[in-house]
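**Student:** The listed protein sequences derive, respectively, from chains W and U. With this note's numbering applied, the first sequence covers 1 to 159. With this note's numbering applied, the second sequence covers 160 to 497.
Each hint should be verified, as a subset may be incorrect.
To be verified - Residues from chain W that keep clear of chain U, each with C-beta distances beyond 12 Å, as calculated:
id : residue
1  : LEU74
2  : ALA78
3  : LYS98
4  : ALA100
5  : SER104
6  : THR140
7  : VAL148
8  : THR149
9  : LEU152
10 : GLU153
11 : HIS156
As the list claims (entries may be wrong) - Calculated cross-link-like contacts (lysine to any residue; reagent style SDA-like; alpha-carbon spacing at most 25 Å):
id : chain 1 : residue 1 : chain 2 : residue 2
12 : U       : LYS314    : U       : GLN400
13 : U       : LYS367    : W       : SER131
14 : W       : LYS133    : U       : LYS314
Calculated from the structure, these hints are not laboratory results. No residue lacks a Cβ here, since even glycine has one placed at the ideal position from N, Cα and C.
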Amino acid sequence: MNARLYEPRITITVTTLIAIVVTILPLPGWLALVRPSFAVLTVLYWSVAAPRAGGLTLGFVTGLALDVFRGSVLGQHALALTAITYIAVREHQKIRSKPAFQQSLIVLGALIVYEFIVFAIDGWTGHPLASVKRWIPALTGAIIWPLVTAMLERSHSPR
Amino acid sequence: MATFGAGAYRSLPGRGAAPGFRFTLYATAAILLMFVDQRRAWLEHVRYALSGVAYPLQLAVSEPGAAWRWVRDSMQTRAALAAENAQLRARETALETRTLRFEALERENGELRGLQTALPPVADHWLAAEVVSVEIDNQRQRILINRGSRNDVFKGQAVMDSRGLLGQTIHVGPWSAEVILVTDAEHAVPVQIERTGVRTIAVGTGDKDNESLALPYLPDNADVKPGDLLLTSGLGGVFPQGYPVARLAEVRHDAAQALERFRATPLAELGRLHEVMLVWFRPDHPASPSKPTEGQLTHGNPALRPQPVPPRPEPAPVPASPAATAAVPPSAALKVTP
Chain W
1 MNARLYEPRI TITVTTLIAI VVTILPLPGW LALVRPSFAV LTVLYWSVAA PRAGGLTLGF
61 VTGLALDVFR GSVLGQHALA LTAITYIAVR EHQKIRSKPA FQQSLIVLGA LIVYEFIVFA
121 IDGWTGHPLA SVKRWIPALT GAIIWPLVTA MLERSHSPR
Chain U
160 MATFGAGAYR SLPGRGAAPG FRFTLYATAA ILLMFVDQRR AWLEHVRYAL SGVAYPLQLA
220 VSEPGAAWRW VRDSMQTRAA LAAENAQLRA RETALETRTL RFEALERENG ELRGLQTALP
280 PVADHWLAAE VVSVEIDNQR QRILINRGSR NDVFKGQAVM DSRGLLGQTI HVGPWSAEVI
340 LVTDAEHAVP VQIERTGVRT IAVGTGDKDN ESLALPYLPD NADVKPGDLL LTSGLGGVFP
400 QGYPVARLAE VRHDAAQALE RFRATPLAEL GRLHEVMLVW FRPDHPASPS KPTEGQLTHG
460 NPALRPQPVP PRPEPAPVPA SPAATAAVPP SAALKVTP
């Protein structure tokens, strides 16, 4: 618990940057289809583990970066990410105390909310592309969540 | 990053006013951004600056692929290179032979159009650009190229490869530009069927596995056959007239959806793009893209614009003598000078 209190700002920034790179890395075919948004997962992790440093500001800035890289309407991913970060920061104590499987379920819910906001804004701004495939990253994100937490925990806990 | 480590609500574990207030702030900011971005006024400048910042990262991310290509290229054997060289030579000869008659045809075309002198080609100049990253999935088919406004690239510029039309630029940064491909579901290009001259609009299907364009606005009984060539029609203000876009691949009259009735495959090789061409067109050329006008045709060569109806020749006054009538035949006013 002590490790979580000092809230490593540099670690947060570096891991989020890496996560953004992995999120926008060009991948072939089906890999790109099932790739979860690592940037969103990382921001979620830091919102739960270090809500003071890795909270809403991190979510907003990361979302803006995703908007720029994806070429979407500026603010789209920022809004979606801010929304789920808010939930994560509010409930961070409850989420932290849950076992891994339940955490994954909560993350699945958050990712669905995220994808839904992105989808809704796509519709309002005149790009309605409804496809089952756009929900796949939410599912894979929830599946990979325990792995992401394990990796990020090692990044800031003393060995 | 004032909030980083500010410790404003250290004693309040997550709950309380601080996250709620900041959520409201950021959400409002995001919605405002979207609103302004949709109106596309000054936010294009913000995007321009941001894409300049983002470009080094995008370049770095694309490096592994480029490095792999470089390794593969440098591993090529002498024999393979020689074979490729011979092949390119043969192709060059073939192309040169094909363009032998080009100038003569150009002049002949100008004469047929009633122009005194042959026009220069509609393309003013070209610039090769390298593809930095490719984003092809079922929703978006975009590429990022390594030329931006520093190379005079502008928004809505036509992008081609040696076979045909690829797409157009949609966001331009200082050193990079984003190109939307013709197969993107959000892209539409006004085309003309080469065989019949019928004009329609080809929209991208966004289909990742089977890159194609659809012709949803053609009636079911339209005269099209597989193999028909689609050329740009010059309407719409982006692409000039007469550049090849796609070849009709499939006609299904029983299709339930209009998007599935006529499918065309793009001529440009969208699957493996490394280099593309940016094109600048002469704005005063008759084949250059015509901008939408407000009811009045004002674009293009003045000589080719629809002319007002010439005034009717005055009915000759009461013939004083047959010689006077013969001197000014009424048809003289209508005669077109060659």
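**Student:** Would you mind marking each hint as holding or not holding in the structure?
**Tutor:** Going down the list of hints, with the structure as the test:
Once the 12 Å rule is applied to beta carbons, W/LEU74 is inconsistent with being away from chain U; the minimum gap is 4 Å. Residue placement check: W/ALA78 does not keep its beta carbon more than 12 Å from all beta carbons of chain U (closest about 4 Å). Taking the minimum C-beta to C-beta distance to chain U, about 15 Å, the non-interface status of W/LYS98 holds against the 12 Å cut. Look at W/ALA100: its CB is around 21 Å from the nearest CB on chain U, clear of 12 Å, so calling it non-interface holds up.
Its beta-carbon lying about 21 Å from the closest one in chain U, W/SER104 satisfies the requirement of being farther than 12 Å from that chain. In this structure W/THR140 is separated from chain U by more than 12 Å, as the shortest Cβ-Cβ distance comes to about 14 Å. In this structure W/VAL148 is separated from chain U by more than 12 Å, as the shortest Cβ-Cβ distance comes to about 20 Å. Residue placement check: W/THR149 keeps its beta carbon more than 12 Å from all beta carbons of chain U (closest about 18 Å).
For W/LEU152, the shortest C-beta to C-beta distance to chain U comes to about 17 Å, beyond the 12 Å cut-off, and the non-interface label holds. The claim that W/GLU153 is not at the interface with chain U holds, since no C-beta of that chain comes within 12 Å of its own (minimum 19 Å). For W/HIS156, the shortest C-beta to C-beta distance to chain U comes to about 14 Å, beyond the 12 Å cut-off, and the non-interface label holds. The hinted pair formed by U/LYS314 and U/GLN400 meets the criterion: a straight-line CA distance of about 19 Å does not exceed 25 Å.
Between U/LYS367 and W/SER131, the direct Cα distance comes to roughly 13 Å. Compliance with the 25 Å bound is thereby established for this hinted pair. Distance restraint check for W/LYS133 and U/LYS314: the Cα-Cα separation of roughly 30 Å exceeds the 25 Å cut-off, and the hinted pair is therefore not satisfied.
In summary, the numbered hints that this structure violates are 1, 2, 14.
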